[in-house]
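Peer 1: Given the structure of chain G, go ahead and fit chains W and L onto it with the hints provided.
Here is how the chains run, residue by residue.
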Amino acid sequence: MRRIKELVIEKTLFSSALVTILVTLGIILVLSVEAINFFREVSIVDFFTDTQWTPLFTEKHFGILPLLSGTLLTSFIAILFAVPVGLSISIYISEYAPRSFRKTIKPALELLAAVPSVVYGFFALTVVTPFLQNFIPGLSGFNSLSAGLVMGIMIIPFISSLSEDALHAVPNSLREAAYGMGSTRLQNAFRVMVPAASSGIIVSIILAISRAIGETMIVAIAAGQQPRLTLDPTVPVETITAYIVQVSLGDVQHGSLEYRTIFAAGITLFAFTFILNTVSYRIRKKFREKYE
Amino acid sequence: MMDQAFQFWGIACTLLGLVLLAIFIGSIIVDGIQRIDWDFISNLPSRKADRAGIYTALMGSVWVLVLTTIIALPIGIAAAIYLEEYSKKDKFASILEVNISNLAGVPSIIYGLLGLEIFVRILQMGSSVLAGSFTLALLILPIVIVSTREALKAVPQSLRDASFALGASKWQTVSQQLLPASFGGILTGIILALSRAVGETAPLIVIGALAYVPFAPTNPMDDFSVLPIQIFNWISRPQHGFEVNAAAAIIILLLITFIMNGIAVYFRNKWQKKFK
Amino acid sequence: MERSDTIIEKNTKKKNMIEAQDVKVHYDDFMAIKGIDMKIKANKVTAFIGPSGCGKSTFLRLFNRMNDYVDGFRMEGEISIHGENIYTKKVNVEQLRKEVGMVFQKPNPFPKSIFENVAYGLKIQGIKDKKFLQEKVESSLKQVALWDEVKDDLNKSALALSGGQQQRLCIARTLAVEPTVILMDEPTSALDPISTAKIEELIYELKDKYTIVIVTHNMQQASRVSDYTAFFYLGELIEYDKTKKIFTNPEKKQTENYITGRFG
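Chains as they are written, first to last, in my numbering: chain G, 1 to 292; chain W, 1 to 276; chain L, 1 to 264.
One chain only, chain G, in its complex shape (with noise of 0.2 Å):
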């Protein structure tokens, strides 16, 4: 009797964890469906070559590459910005800084990463395009360089722990024998701690990757909603999940070609995200056997 009760609470705690590869499968099966149903009717060629994506309008393109240079430019911006900072406040914690600064200068990063991205998007939209344009005169109001250095500043928590976390990680004895052998903090950090935290330190940048380029709220209100095929900082773009914003936040019928779009736009992204998030994980999991 008791066994079977336990049986029971066992296959239901199963099925809980279940669930997760449920959510998998859904994802996958939901993009897949409408992106097959959309390139019944656009070729994937046109798709991935066209230098125009205007599905909207009346004279309808359908090509990514605008949308997804939006994404990697934006995006590039802020890893640009977000991988120096992050990367040296992280030496600093692990290698200069005293213990009991570690305690309290890491929570008040993660504050950073707390920050709703609509919050962000405000200060882009607000305060750093119109102080930018004090600087850069030619600068639109809507434009890649303040939306990405907001996403920046937004991913710097990502680089910043990870990397630190991965240098904490590195067995004292390394350290030791650095010093010992007379090498500044300076050269102990870049010659023998980073290299040793290497995996560690990549796989915060992937993910920080990761992270930008799945951003919608940020580009959403900051970048613009022009699809624009360049690599000009000062113009509008618009970015795949900014996009698909505009698209929800519209009139658009459901099984229309419109609507397939936003599925295609998303398997696009699915895929990029899917691919670093995978090799991220590997990365990791060598890392961890490496050091236990």
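One thing to keep in mind: the hints can contain errors.
Using 20 Å as the maximum straight-line C-alpha spacing, the simulated SDA-like pairs for lysine to any residue come out as follows [what the hints assert, rightly or not]:
| # | chain 1 | residue 1 | chain 2 | residue 2 |
| --- | --- | --- | --- | --- |
| 1 | L | Lys244 | L | Gln220 |
| 2 | L | Lys128 | W | Trp171 |
| 3 | G | Lys103 | W | Asn261 |
Here's a subset of chain W near chain L, in silico, CB distances under 8 Å, partners left out [claimed, not checked]:
| # | residue |
| --- | --- |
| 4 | Ser158 |
| 5 | Asp161 |
| 6 | Phe164 |
| 7 | Leu166 |
| 8 | Ser169 |
| 9 | Gln172 |
| 10 | Gln177 |
Distance ranges between label pairs, derived from CB positions [claimed, not checked]:
| # | chain 1 | residue 1 | chain 2 | residue 2 | range |
| --- | --- | --- | --- | --- | --- |
| 11 | L | Lys142 | W | Pro74 | 41 to 49 Å |
| 12 | L | Gly126 | G | Val19 | 27 to 35 Å |
| 13 | L | Gly126 | W | Ala93 | 31 to 39 Å |
| 14 | G | His168 | W | Ile11 | 14 to 22 Å |
To be clear, the hints were calculated from the coordinates, so they are not data collected in a lab.
Backbone N, C-alpha and C define an ideal beta-carbon position, used for all residues, glycine too.
Peer 2: Using the frame of chain G, we list chains W and L on its own:
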């Protein structure tokens, strides 16, 4: 010399983000603090900026938070218990783990697309509070699972040994020893997950949460809005009055977010002391 | 207390409580126990001694099937308690553990009150009668000579007790479910000498009603406390005899070397 230079650089970088955040928040407070009064909180949205309030959005956020918790908490904790206490460490278990790690990294807007097809359309919940809550519940599920697992891992093995040695079954050990012992950690996890959920905008926009809702929800099938969407809506309006409204609403949203985070950190510290 | 499905008959005159026949234990590819035969006598204290890693704890844990939880564990051979093979499918493991109790090396009281700790083993059997629980808690705490020290505040957290008190609490907790056999895995190695002495005294008193098997690193303890001693080395049983004989006139050279401290 270079050493010193880097030390300055390191401190500068560390403070940079925080200083910028302080500047941002400062400017928002300057912008919006005047606007906050009881009317602002209790008014319905309006075409006139000075008459518009956050009441419906705030109520929507509360409804969504409560329903999301009811949905995500049992499933998340149950899944974590299974993975941590019951599952053998075999191939299938590692598949489950990779999968959860992956779900944690999926952009939140994708959950919106999932929710749109499954909850809004196929299950015909419409763009309701229920659909929004289910969508967010799936979004925060990985967070709840991971933090509950961490909390269970922190309970020493000796406790399980003692319980089993007295003839307790696995479930008795879990329910009478492990869950009470890990309660603080689990609580921390759920509060952090919810503080993330309260700020989510994109997935709810995708499932059709409206920007202009003239009434607070009265049942789970009602249309709804949430505070971040109200903020987004006001940001998109050209009139300066709405920018002030947005700033004021942001102050309230940040207050809620930081208080929740603060409570979570407080519980985490209290709970970690238990096992020292 | 209903005991319709007990595994071990009480009140028999059988002299051997536990019997092991050609027992082998593997953890994945590693062979931890290499074929041991042994008969443990009822109502006596038997000590397992030997250097670290020789398998004595592993062997002890076979008697209450605590090894079942370890990944890769595999057992061959037979272990019977009062003639009943305890590794068959029909044996209820939870019932077995009520009859074969265990005390661990590091005291591990639950983070609950003193009362809750001792009552836990009874509550999980479904016993709810408050009066019964209170009587049981009192008698168990008296058996371990802890009652006078804690009777004024049974609701105090068990973690507030000293190490020695905690270990006695753990023994009381085990006694509350009325086992027949008590297994002790280095019960005093984490305690100070005074607490150790108290617990050794307790073991001596408990021997009348229970069969006790104790793993110990401390040879003086083994010679003080036990009636029989088994010397293990690298997964094999080297010698097993009356304690007096093992410590004054062992048969095997290896035993003698270990006893006299030449290794281990």
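Peer 1: Look at each hint and say if it fits the structure.
Peer 2: Here's how the hints hold up against the structure:
Only pairs whose Cα atoms come within 20 Å are accepted, and lysine 244(L) paired with glutamine 220(L) is accepted, the gap being roughly 12 Å. Between the alpha carbons of lysine 128(L) and tryptophan 171(W) the distance comes to roughly 19 Å, so the proposed pair stays at or under 20 Å and holds. Taking the CA atoms of lysine 103(G) and asparagine 261(W), the gap is about 16 Å. The hint holds against a cut of 20 Å. Hint status for serine 158(W): holds, given a least beta-carbon distance of 4 Å to chain L, under 8 Å.
Look at aspartate 161(W): its Cβ gets to within about 6 Å of chain L, closer than 8 Å, so that hint holds up. Given hint, phenylalanine 164(W) at the interface with chain L, holds; its Cβ is 7 Å from that chain's nearest Cβ, closer than 8 Å. With its C-beta approaching chain L no nearer than about 4 Å, leucine 166(W) sits inside the 8 Å limit, and its interface hint holds. Hint on serine 169(W) holds. Least Cβ distance to chain L is approximately 6 Å, under the 8 Å limit.
Taking 8 Å as the C-beta contact cut-off toward chain L, the hint placing glutamine 172(W) at the interface holds, the least distance being around 5 Å. Proximity of glutamine 177(W) to chain L holds as hinted, the smallest CB-CB distance being about 6 Å (cut-off 8 Å). At roughly 43 Å, the beta-carbon separation of lysine 142(L) and proline 74(W) lies within the given 41 to 49 Å, and the hint holds. Between glycine 126(L) and valine 19(G), the C-beta spacing of about 32 Å keeps the proposed range 27 to 35 Å intact.
Our hint of 31 to 39 Å for glycine 126(L) and alanine 93(W) holds, since their Cβ atoms are close to 32 Å apart. Separated by about 19 Å at the C-beta atoms, histidine 168(G) and isoleucine 11(W) satisfy the suggested range of 14 to 22 Å.
Checked against the numbered hints above, the structure breaks none of them.
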